[in-house]
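Enquirer: What follows is each chain in one-letter form.
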Amino acid sequence: MSKTRTYLFTITFTSIISLTILAGINFRFLFYESIFSYQKLYRYQLKKIQINQINTSSEILFVGDSSLGNAVDANLFTKLSHRKTLNLALTGSYGYAGSFNMVRRALQDLKIHQVFVVHTLDILQRPTSYEGYLYTMLYPNDISHLTTGEVFNLGNSFLNIIFSGSNLEKIWNSYQSKNVSDSIREDLKANDYVVQNSKKKASLHLDPIQGSLNKDEFRFLVKLNNLCKKSKVKLIYVHGPIAMVVRQSSQSYIQEVNQELAKRGISYIPDVIEIKPQNLGDEIDHVAPKAKPIYTHRYFQLLKSYL
Amino acid sequence: MLFNSYIFLFLFLPCAASVFFILCRTEKPQIPLRWLLLSSLIFYVWSNTFNLILVLTSSFFNYGLSICINDLDIFWKNNKKLYKKILLFFGISINTSLIFYYKYIDFLIQNINSLFNTELPFQSHELPLGISFFTFLQIAYLVDTYRDQETEKNWFNYTLFVTFFPHLIAGPIVHHRALLRQFRDPEIYQFQEDNFAIGITIFILGLSKKILLADNLSLYSNSVFKAVTVGQYLGFLDAWGGILAYTLQLYFDFSGYSDMAIGLSKIFNIWLPENFNSPYKSANIIEFWRRWHITLSNFLRDYLYIPLGGNRKGTKHRYVNLMITMLLGGLWHGAGWTFIIWGGLHGCYLILNHLWRSMSHSYLQIRLLVSTQIWYVFSRALTFFAIVVGWVFFRSKTLNDSLTVLKSMFGFQNICWSKYILPQSKWICSMPESKDFMKYIVPIEGWFWIISLLLVVWFAPNTQKLTAPFYDSKNCEGLLSKQKFSFSIFWAIGISAMLVMCIARLSSASDFLYFAF
Chain A
776 MSKTRTYLFT ITFTSIISLT ILAGINFRFL FYESIFSYQK LYRYQLKKIQ INQINTSSEI
836 LFVGDSSLGN AVDANLFTKL SHRKTLNLAL TGSYGYAGSF NMVRRALQDL KIHQVFVVHT
896 LDILQRPTSY EGYLYTMLYP NDISHLTTGE VFNLGNSFLN IIFSGSNLEK IWNSYQSKNV
956 SDSIREDLKA NDYVVQNSKK KASLHLDPIQ GSLNKDEFRF LVKLNNLCKK SKVKLIYVHG
1016 PIAMVVRQSS QSYIQEVNQE LAKRGISYIP DVIEIKPQNL GDEIDHVAPK AKPIYTHRYF
1076 QLLKSYL
Chain B
226 MLFNSYIFLF LFLPCAASVF FILCRTEKPQ IPLRWLLLSS LIFYVWSNTF NLILVLTSSF
286 FNYGLSICIN DLDIFWKNNK KLYKKILLFF GISINTSLIF YYKYIDFLIQ NINSLFNTEL
346 PFQSHELPLG ISFFTFLQIA YLVDTYRDQE TEKNWFNYTL FVTFFPHLIA GPIVHHRALL
406 RQFRDPEIYQ FQEDNFAIGI TIFILGLSKK ILLADNLSLY SNSVFKAVTV GQYLGFLDAW
466 GGILAYTLQL YFDFSGYSDM AIGLSKIFNI WLPENFNSPY KSANIIEFWR RWHITLSNFL
526 RDYLYIPLGG NRKGTKHRYV NLMITMLLGG LWHGAGWTFI IWGGLHGCYL ILNHLWRSMS
586 HSYLQIRLLV STQIWYVFSR ALTFFAIVVG WVFFRSKTLN DSLTVLKSMF GFQNICWSKY
646 ILPQSKWICS MPESKDFMKY IVPIEGWFWI ISLLLVVWFA PNTQKLTAPF YDSKNCEGLL
706 SKQKFSFSIF WAIGISAMLV MCIARLSSAS DFLYFAF
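Taken in order, these protein sequences are the chains called A and B.
Counting with the working numbering, you get residues 776 to 1082 for the letters of the first sequence.
Counting with the working numbering, you get residues 226 to 742 for the letters of the second sequence.
None of these hints come from the bench; they were simulated from the model.
One should not assume that every hint holds.
[As the list claims (entries may be wrong)] Mimicking DSSO-like on lysine-lysine, the simulated pairs with C-alpha atoms at most 30 Å apart in a straight line are:
1) A:K1005 - A:K975
2) A:K1079 - A:K1007
3) A:K990 - B:K622
4) B:K328 - A:K990
5) A:K990 - A:K974
6) A:K815 - A:K886
7) B:K622 - A:K778
8) B:K451 - A:K990
9) A:K975 - B:K451
10) A:K778 - B:K690
11) B:K622 - A:K976
12) A:K945 - B:K709
Predicted model, so just to flag it, every value in this text is computed and none were measured.
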């Protein structure tokens, strides 16, 4: 073999081997194992669907992100509304796509009458949640719910995930702290959601939410809306709670989001519940654990006329 | 489609190259050329279908016009030169109008609104990718056609020259003669291992410059300039850290893109000209413009500076022509006063440099001074300093922002120089009230990157020198001159490692800076 061919062969061979190892590690730990808290949360929520399938039907379903998970206690909401309520909140990184897949699974296995989708205000300033769709896919044919362009973008996201070098460090750190990960399971059972970081408190000096909306993200919310219509289930979009000072200074942003929701025929509640400084948790959209019952009551008051 | 994307690396490039060489076996050159054209159009349409319509229309228009200019005898027998001039003027006007419409109309509206207190609405057109580049290519082609140089009769070849995907979006601005002649060379239709291997190598080196170096540096430069835009305090160290990071980022980003374009062309046995030749090693501004964005400098020289008169009409005219060329060169980079100021600044630098040169010819003492090693080191430092100051305007969004950065760079923000000169003159210092000024925007690891890469751009060989024909030792320069590139296992593993690191960071890669131009 000539020197040039050896050179080209060496580049090809070492690159393929290195990339295969990288992809293999990422694929194993990000799709199969549950070493991150958000993965444990997702499996916990999935299990809830199975448990409720065996026991009773759930009339009211909440889906969304951590702003919902920290604000609404499903058991308390059940008592207030006299209707069985299930809270399948994930995290913000799953986006509307994650909520779409959770509702799709819930509708397959449970008798749902009403769905409330609750997401934090700045969800529309994040990238379109193809990663969220990937992480919440159970079967390969879950891509049948997507258009060709969306499948292409999903494929691109998949490559981003499995070839990402930055995931290796996160995987290593999480794998090292296995004892901590066991306690996450216990916390989920006790709290019905991931426990907040008690050492962290959201800053009180907060900027308003502003800037352009990622309108592409609405594609999954529209799919969710159409899915509910087809299943004759009522869907209402509700804004997640946000720190008082942010809500007051972000009125034009909130208005813009509401206009986009209306444009797409999605039923929504225009009000945004504000979190007072004494009730603020570890993020600007997280209710402190001690205030969760208060905000469950507040959400009940907000939603009772829609039940 | 971007060079630094999965679809390009894993699908487009392997398909384009393998089908090209399979079609070369048909021994009919037009077939693989048509495939290259189709691939280039697919590459361009990936971003936006409208962009494709625009580039094809532009190509068809300019091709048709060049035929009319060249074959004017068919239409008019009298006043041929006058009609040729009219057609050329018409062609240049249409081409420049196209750039003006997409790139400068909002700048004009903004200035009219400011000057006359009107409220004309902005057009807010999305800038078609590569418009500045493919329009300049075709203007050069029309001018050369007017000058009775050979024209391309085949529309497919002409369109391929315009849309050839390695150079379509951000150059190099290749001369039509250089590219069209190669399409007729039978040697390019044979798979050549060495060209393929060198092409892949140069491409990966360019990709590494962009993803591993430029994108890392952008974290520091963007933080500093964002801080300036929001009115945050900017200290002396942060100002220098930010602008040095940007100086390096711009070089690695753009030269990385050029390397990728050159490497990709090499895979197809096509040669593209060098676009960067270690510009930060320049000992004067004249040398800098022979090393930075070489193809643009050549274009501005051949199609703007020389037609204006160049240096043929005396010294004063020469300086005026230089200034006009640099102002328009600045404006080409962006629709904003900061770009014009940057161009004007470089125009001043060039004039001063020419003045100095003429003085050094006239006075023996100066000639002796400039021949010393100390002077060489000083002139390199001074040139680099002047370039960095210019980049402040180039990068800043507004004139106010550039002045803020410059004030911080020269210590008028938190270093009270005045107290050492006139203790009473406290008014020169503007110490911040907040304690936050002690938190640096550019951290220690940022300075590690900046200093290391400054040493690289000042002393290491560039990509072209490194991968120069490895049997030609004269072409390699710098500290690594003994470490010549070769097709060895050592280099293969190194290049492979760079490729894997680039792919591992593709998800966080940003757009190329010159896409905005």
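Enquirer: Each hint should be assessed against the structure and marked as holding or not.
Expert: Structure-based check of each hint:
For the proposed pair K1005 (chain A) and K975 (chain A), the alpha carbon gap of about 43 Å is over 30 Å, so the pair is violated. For the hint pairing K1079 (chain A) with K1007 (chain A), the CA-to-CA distance comes to about 20 Å; that is within 30 Å, so the pair holds. Between the alpha carbons of K990 (chain A) and K622 (chain B) the distance comes to roughly 27 Å, so the proposed pair stays at or under 30 Å and holds. With a CA separation close to 26 Å, the supplied pair K328 (chain B) and K990 (chain A) stays within the 30 Å bound.
Proximity of K990 (chain A) to K974 (chain A) is assessed by CA-CA distance (about 35 Å); at most 30 Å being required, the pair is judged violated. Of the pairs offered as hints, the one joining K815 (chain A) and K886 (chain A) holds, with about 25 Å between alpha carbons and a cut-off of 30 Å not exceeded. A hinted pair counts as satisfied when its Cα atoms are at most 30 Å apart, and K622 (chain B) with K778 (chain A) does not qualify at roughly 51 Å. Of the pairs offered as hints, the one joining K451 (chain B) and K990 (chain A) holds, with about 25 Å between alpha carbons and a cut-off of 30 Å not exceeded.
Only pairs whose Cα atoms come within 30 Å are accepted, and K975 (chain A) paired with K451 (chain B) is accepted, the gap being roughly 27 Å. Between the alpha carbons of K778 (chain A) and K690 (chain B) the distance comes to roughly 21 Å, so the proposed pair stays at or under 30 Å and holds. Between K622 (chain B) and K976 (chain A) the alpha-carbon distance is near 35 Å, which puts this suggested pair outside the 30 Å criterion. For the given pair, K945 (chain A) sits about 38 Å from K709 (chain B) by alpha-carbon distance, which is inconsistent with the 30 Å threshold.
Of the numbered hints stated above, those contradicted by the structure are hints 1, 5, 7, 11, 12, listed in ascending order.
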